[in-house]
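When you get a sec, could you build the whole thing from the sequences and use the hints?
These protein sequence lines map, in sequence, to chains X and H. Following the UniProt record's numbering, the numbering of the first sequence begins with 1 at its first residue and continues without gaps. Following the UniProt record's numbering, the numbering of the second sequence begins with 1 at its first residue and continues without gaps.
It is worth saying that the hints were derived from the structure and are not from the lab.
Intra- or inter-copy, both count: the list cannot distinguish identical chains.
Dumping the calculated BS3-like pairs for lysine-lysine here, alpha-carbon to alpha-carbon at most 30 Å:
{"no.": "1", "residue 1": "K26", "residue 2": "K8"}
{"no.": "2", "residue 1": "K4", "residue 2": "K180"}
{"no.": "3", "residue 1": "K26", "residue 2": "K75"}
{"no.": "4", "residue 1": "K75", "residue 2": "K30"}
In this text, all values refer to a predicted model and were calculated from it rather than measured experimentally.
2 protein chains.
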Amino acid sequence: MELKSFLKNLKLMSTDNLLKQVAFIKEIDKLKYIQRKTKLFNSDRPENDAEHSWHLAMMTIVLAEHSDKPIDVLKVLKMVLIHDIVEIDAGDTFMYDTSKNHTNTEEELLAAKRIFGLLPTEQAEEFIAIWEEFEEGSTDEAKFAKSMDRLEPLLQNTSNNGGTWAEFGVPYQKVYDKKKAIKHGSTSIWNYAENLINDSVEKGILKK
Amino acid sequence: MELKSFLKNLKLMSTDNLLKQVAFIKEIDKLKYIQRKTKLFNSDRPENDAEHSWHLAMMTIVLAEHSDKPIDVLKVLKMVLIHDIVEIDAGDTFMYDTSKNHTNTEEELLAAKRIFGLLPTEQAEEFIAIWEEFEEGSTDEAKFAKSMDRLEPLLQNTSNNGGTWAEFGVPYQKVYDKKKAIKHGSTSIWNYAENLINDSVEKGILKK
Ligand SMILES: [Ca+2]
Numbered sequence: 001m002e003l004k005s006f007l008k009n010l011k012l013m014s015t016d017n018l019l020k021q022v023a024f025i026k027e028i029d030k031l032k033y034i035q036r037k038t039k040l041f042n043s044d045r046p047e048n049d050a051e052h053s054w055h056l057a058m059m060t061i062v063l064a065e066h067s068d069k070p071i072d073v074l075k076v077l078k079m080v081l082i083h084d085i086v087e088i089d090a091g092d093t094f095m096y097d098t099s100k101n102h103t104n105t106e107e108e109l110l111a112a113k114r115i116f117g118l119l120p121t122e123q124a125e126e127f128i129a130i131w132e133e134f135e136e137g138s139t140d141e142a143k144f145a146k147s148m149d150r151l152e153p154l155l156q157n158t159s160n161n162g163g164t165w166a167e168f169g170v171p172y173q174k175v176y177d178k179k180k181a182i183k184h185g186s187t188s189i190w191n192y193a194e195n196l197i198n199d200s201v202e203k204g205i206l207k208k
Numbered sequence: 001m002e003l004k005s006f007l008k009n010l011k012l013m014s015t016d017n018l019l020k021q022v023a024f025i026k027e028i029d030k031l032k033y034i035q036r037k038t039k040l041f042n043s044d045r046p047e048n049d050a051e052h053s054w055h056l057a058m059m060t061i062v063l064a065e066h067s068d069k070p071i072d073v074l075k076v077l078k079m080v081l082i083h084d085i086v087e088i089d090a091g092d093t094f095m096y097d098t099s100k101n102h103t104n105t106e107e108e109l110l111a112a113k114r115i116f117g118l119l120p121t122e123q124a125e126e127f128i129a130i131w132e133e134f135e136e137g138s139t140d141e142a143k144f145a146k147s148m149d150r151l152e153p154l155l156q157n158t159s160n161n162g163g164t165w166a167e168f169g170v171p172y173q174k175v176y177d178k179k180k181a182i183k184h185g186s187t188s189i190w191n192y193a194e195n196l197i198n199d200s201v202e203k204g205i206l207k208k
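Encoded structure:
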């Protein structure tokens, strides 16, 4: 291939990628309409998934030093920024809803394929792989990302007189069992979180 | 110093950092209440700064390949995630408000010092430096971050029949002059954006 036609093809490919990427960027705007059960700090206004994802990204940058293992912060950021995008199709599942399976439901996998599938092939595959890595939770990056995802609502509920624990009558042991996942990412954050949970019982905003 | 007391001090320092970081994490929740003039895609619901920052972070990950210069994506992500946090104290300034100076106002600098100042000293200094680098806009990372910040409302306004351009009567030349900054980050994204602006004139949603 001549250099000129090679460069022309490269430009066409780049434009083709850009159009797909813009379609994806428009589609994910819908994450701003997906409401969580958890409320903002000191508030009764529900948080949406885009706000939640931004907050987890900020927490990742700020708290990365507390990870027990060395982590690729850029990878964790990608995880927390995209982890809830499947909820555009599949909806938010409340952490303490026992009627639903929380790991990688078929509905969520279809959603991942449809939404990330708007991107150029290579990028779509990368995003699906990152989302699956988060869901699986076995790499050091996924463990830290999940500890951020558990910590945010803990901070919110303790600032909201029990928040969703009070609203839905979630008892201490269930909260403790869910939050324990924080320990897989960071011992020091878990120590802090465990204290917060125990304090909540003492304050009467979490029932033992 | 003995090893034991050295380790004890290290643990105390880590706990001290964590408490400051949690205070910061709670404070920045307020970004979710700062409303922008721009509306969500195909919508008349205003976007807030946390949603906006999440969207820019997603755009950064997705569009980084179009940067004219090699960029440190993690650095750009930090920039776009924190770039509006000063607005918690200083408020949102509308891009086309000619009565206000948009670069690094004194009010914003005070806000940066107060809010990032909640973090441990080293981290506070890092965040203030990143925010200043973004505001200055001279590094390759800042240029790309700013092109994301200009592109999002362009995509929103064109999906909203002119959006804030129509609402506040902003003419073609003003829009063009502001959006031109996209070119400093990416020629290919600028080519796309320029077409979008010209199409908007043809469609009658932007007045020439
Ligand atoms: Ca979720």
